[in-house]
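> Assemble the complex: chain A is given as a structure, and chain B must be docked to it using the hints.
Number of protein chains: 2
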Amino acid sequence: MNHEKTIRLQPQWILPMHTDGEVLEEHDLIIQGERILAIEPRQQADARPCDETLFLPEQVLLPGLVNTHTHLAMNLLRGLADDLPLMTWLNEHIWPAEGQWVSDAFVADGARLAMAELIRGGITCFNDQYFFASAVAREAEQIGLRGLVSLLVIGVPTRWAGSIDEYFDKALALHEEIRDFSRVGTVWSPHAPYTVDDDALERIARHRDDMGLDFHIHLHESAQEIEDSLKQYGERPLARLQRLGLMDRRTLAIHMTQMTEAEIRFCAEAGVRIAHCPESNMKLASGIAPIHALTQAGVTVGIGTDGAASNNDLDLLGEGRSASFLAKVSTGNPEALPAWQVLSMLTRDGARALGMGEHIGTLEAGKQADLITIDMRPLESQPLYDLASHLIYCVSRQQVQNVWVAGQPLLRERRLCTLNEDDLHEVARTWQQRIRPN
Amino acid sequence: MNHEKTIRLQPQWILPMHTDGEVLEEHDLIIQGERILAIEPRQQADARPCDETLFLPEQVLLPGLVNTHTHLAMNLLRGLADDLPLMTWLNEHIWPAEGQWVSDAFVADGARLAMAELIRGGITCFNDQYFFASAVAREAEQIGLRGLVSLLVIGVPTRWAGSIDEYFDKALALHEEIRDFSRVGTVWSPHAPYTVDDDALERIARHRDDMGLDFHIHLHESAQEIEDSLKQYGERPLARLQRLGLMDRRTLAIHMTQMTEAEIRFCAEAGVRIAHCPESNMKLASGIAPIHALTQAGVTVGIGTDGAASNNDLDLLGEGRSASFLAKVSTGNPEALPAWQVLSMLTRDGARALGMGEHIGTLEAGKQADLITIDMRPLESQPLYDLASHLIYCVSRQQVQNVWVAGQPLLRERRLCTLNEDDLHEVARTWQQRIRPN
Chain A
35 MNHEKTIRLQ PQWILPMHTD GEVLEEHDLI IQGERILAIE PRQQADARPC
85 DETLFLPEQV LLPGLVNTHT HLAMNLLRGL ADDLPLMTWL NEHIWPAEGQ
135 WVSDAFVADG ARLAMAELIR GGITCFNDQY FFASAVAREA EQIGLRGLVS
185 LLVIGVPTRW AGSIDEYFDK ALALHEEIRD FSRVGTVWSP HAPYTVDDDA
235 LERIARHRDD MGLDFHIHLH ESAQEIEDSL KQYGERPLAR LQRLGLMDRR
285 TLAIHMTQMT EAEIRFCAEA GVRIAHCPES NMKLASGIAP IHALTQAGVT
335 VGIGTDGAAS NNDLDLLGEG RSASFLAKVS TGNPEALPAW QVLSMLTRDG
385 ARALGMGEHI GTLEAGKQAD LITIDMRPLE SQPLYDLASH LIYCVSRQQV
435 QNVWVAGQPL LRERRLCTLN EDDLHEVART WQQRIRPN
Chain B
35 MNHEKTIRLQ PQWILPMHTD GEVLEEHDLI IQGERILAIE PRQQADARPC
85 DETLFLPEQV LLPGLVNTHT HLAMNLLRGL ADDLPLMTWL NEHIWPAEGQ
135 WVSDAFVADG ARLAMAELIR GGITCFNDQY FFASAVAREA EQIGLRGLVS
185 LLVIGVPTRW AGSIDEYFDK ALALHEEIRD FSRVGTVWSP HAPYTVDDDA
235 LERIARHRDD MGLDFHIHLH ESAQEIEDSL KQYGERPLAR LQRLGLMDRR
285 TLAIHMTQMT EAEIRFCAEA GVRIAHCPES NMKLASGIAP IHALTQAGVT
335 VGIGTDGAAS NNDLDLLGEG RSASFLAKVS TGNPEALPAW QVLSMLTRDG
385 ARALGMGEHI GTLEAGKQAD LITIDMRPLE SQPLYDLASH LIYCVSRQQV
435 QNVWVAGQPL LRERRLCTLN EDDLHEVART WQQRIRPN
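From first to last, the protein sequence lines are chains A and B. Residues in the first sequence are numbered from 35 upward in steps of one, following our numbering. Residues in the second sequence are numbered from 35 upward in steps of one, following our numbering.
So here's chain A without its partners, still in its complex pose (with noise of 0.2 angstroms):
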């Protein structure tokens, strides 16, 4: 006998996600402790003691979803400079600011405020690089999230470390201080290819295998990018990725906005997985990436909201609609990246592509309660035709309801259950006035 607590929802209806177009109603979900016990009909459920229920009318349940690709702490940079180049954002405002700011403290607070924008979105896991990531890995834990923190290296001094050797020990030391974390895992995570050489991308292979961790980096995210690397090394950054060993089924690339046929196909091949940042790669115009191509293709492909400093916000929602209408434009086909496709990107692909597929990203007996409920009922969503076209074309995230992560309540009838937020907003108003006084 299990005597962990029970708790029956009760929604309007449930998309389970392990198959696009399967809506649930009179269905109830059943929590019992940290995983889902049970989806079944809602005459059955009546049958079955549980210790709470909660009415969910007019409200639909999906798993949470899923950010494969954030920094999140660059929440206290959000809209401090905007409408510029990659590299002129990067060189003449967002390094400075790292690397006049960048703290344990920063990282912290940073990454609690980000948590709380994260939960009121529904997104339930993240994937983030950023430097003092245990700060991040500790908020996380506390707060209650699930999410991936980074084994960053870079090839130039930060606040973070001074050099390679220093980078590698404290990936290791961040890797022993958290492997009893609950919430919260590591990745082997070198920024990319332009300021990381083929020395440590060597080391970080034979330390992934060794460790068994999966590997992440921004990957062809522009042009430049590319015409550099073909200068410097004489190959395209994925085939000098490929070279060292680090492009197969434990690799997650980033970005991906230039890629040819041949790329498509060895990903695919390769079994590969893509973190999609559409608005990242709109706003700073570095390109758009061939998803339809890449799905079509079968690689999985997860979507990210990149740091809201750069885009400016952590709405993955409003990034999966950004997806489907950028999908559709730019292969001159409105059936690309239909609104089923866009909820699979956000729950279940974005979990296979974090590599936490077993455990999260579908509603299924077994699995993790990480779930989200969204309400129907703003005008804004009537009247309601279809289900998945509503939640990928015209809900926005303040619908969002409840957030579980675990079978523990993070958001209830939008209330932060594990954050205070006039906490938050005196973190905010201190990081201001310290970065940029009135």
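If you are wondering where the hints come from, they were derived from the structure by calculation, not from laboratory data. As the structure is a prediction and not an experimental result, all values here were calculated from the model. Be a bit skeptical, because a hint or two may be false.
To be verified - A few chain B residues facing chain A, derived, Cβ under 8 angstroms:
1. A150
2. M316
3. D347
4. L418
To be verified - Label pairs and their calculated CB-CB ranges:
5. B:E261 x A:N454: 58 to 66 angstroms
6. A:R449 x B:G55: 34 to 42 angstroms
7. B:G55 x A:R283: 47 to 55 angstroms
A virtual CB, placed ideally from N, CA and C, is assigned to each residue, including glycine.
What follows is chain B alone, placed relative to chain A:
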């Protein structure tokens, strides 16, 4: 002495929008009757007796947003069909549904539902094209929204009119019917070049000139339209309308995704204005209007949401964000359509695009008091370094707090003042059951 009621608004910021980049702090705006009486330093306003004072801390006051192209009643068809090519969507879904359902009651109900969405999203002025437009005009007049309705002509029989002559008769009758309305005007609006023949367009040109009205038309929406026109008329649609005397400074061309450099120059020289609907163009894969080139050439461009059945909301703030992102990625220039320019397109340029620039679109003494406030307090807008960046890149329309048109409050602290939300839900439910019974 003028004894009209005065209201003093004390927001944290005012964006008058007659100069890009101008942000006033410690200033108040005084409404008198239906107009703006003054914008003045707070200390100066303290000396002025006012009937009512509203404190609006952490809110920004700006001109109401202008939606330069929509089909309001189509809110009742939102999400009925998606992920389809334009002509399939029209021929197999939208036109059959309209053929079955469109009536004075359908249009009145759909428009009323849409107007609630407009107001809640900060839109104070619309440009609608639809059948049974007198129903739209009556609703707008009663609800208090400002807008234009179409003297619609289309070369196919519909539930609105059975012949070209009937379209003209009804158009002229509509114009007479609403000529004394205070908030709603009319505009000649044939559907598109491919649905109206030369003869009808020539009749419209004569009426337009006699009546001193503007002329709006869907134009160069897709490559197919150009191709078909070349086959049928031996000329591109724009050239054809030019030949018929309809491309000049009283013309609003809607969509314009297909443009040669010569056509861009022509529009600039002729004073043709453009309504840009980026999300509709993306979702239907129609193409990408060259908005950066157009505005650089000096063409006045406003933004439109198109109908809720096509993209699938009436969120003009979001549409502005999409316009900026799309301009950047399609030109490869991240400096294209920066935040301030988009704000202008949503307000001042939108008003000019509708020929209403003298009365609305900026905050200036003497102009109509069409105003909105947006709450910058939500966590998703923290911290705040740059107001324009936030308004375009991270604010959501749910942050719109207050809306006035001609000094009349339509939304106060997010509550609709002239519409009953419960009634609107009932209306949406009733039509949903009729159109697609569960």
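> Restraint: B:A150 near chain A, CB-CB cut 8 angstroms. Satisfied or not?
holds, 5 angstroms
> Can you tell me whether the CB distance of B:G55 to A:R283 sits inside 47 to 55 angstroms?
The hinted range 47 to 55 angstroms holds for B:G55 and A:R283, with Cβ atoms some 50 angstroms apart.
> Holds or violated: the 34 to 42 angstroms window for the beta-carbon distance between A:R449 and B:G55?
38 angstroms Cβ-Cβ, so the 34 to 42 angstroms window holds.
> Interface hint check: B:L418, Cβ to nearest Cβ on chain A, cutoff 8 angstroms. Holds or violated?
holds, 7 angstroms
> Taking the CB of B:E261 and the CB of A:N454, does the distance hold inside 58 to 66 angstroms?
Hint holds: Cβ distance 60 angstroms, inside 58 to 66 angstroms.
> Tell me if the interface restraint on B:M316 is satisfied: Cβ within less than 8 angstroms of some Cβ in chain A.
holds, 4 angstroms
> Going by Cβ atoms only, is B:D347 closer than 8 angstroms to chain A?
Cβ of B:D347 sits 5 angstroms from chain A, so the hint holds.
Of the numbered hints given earlier, the model fails none.
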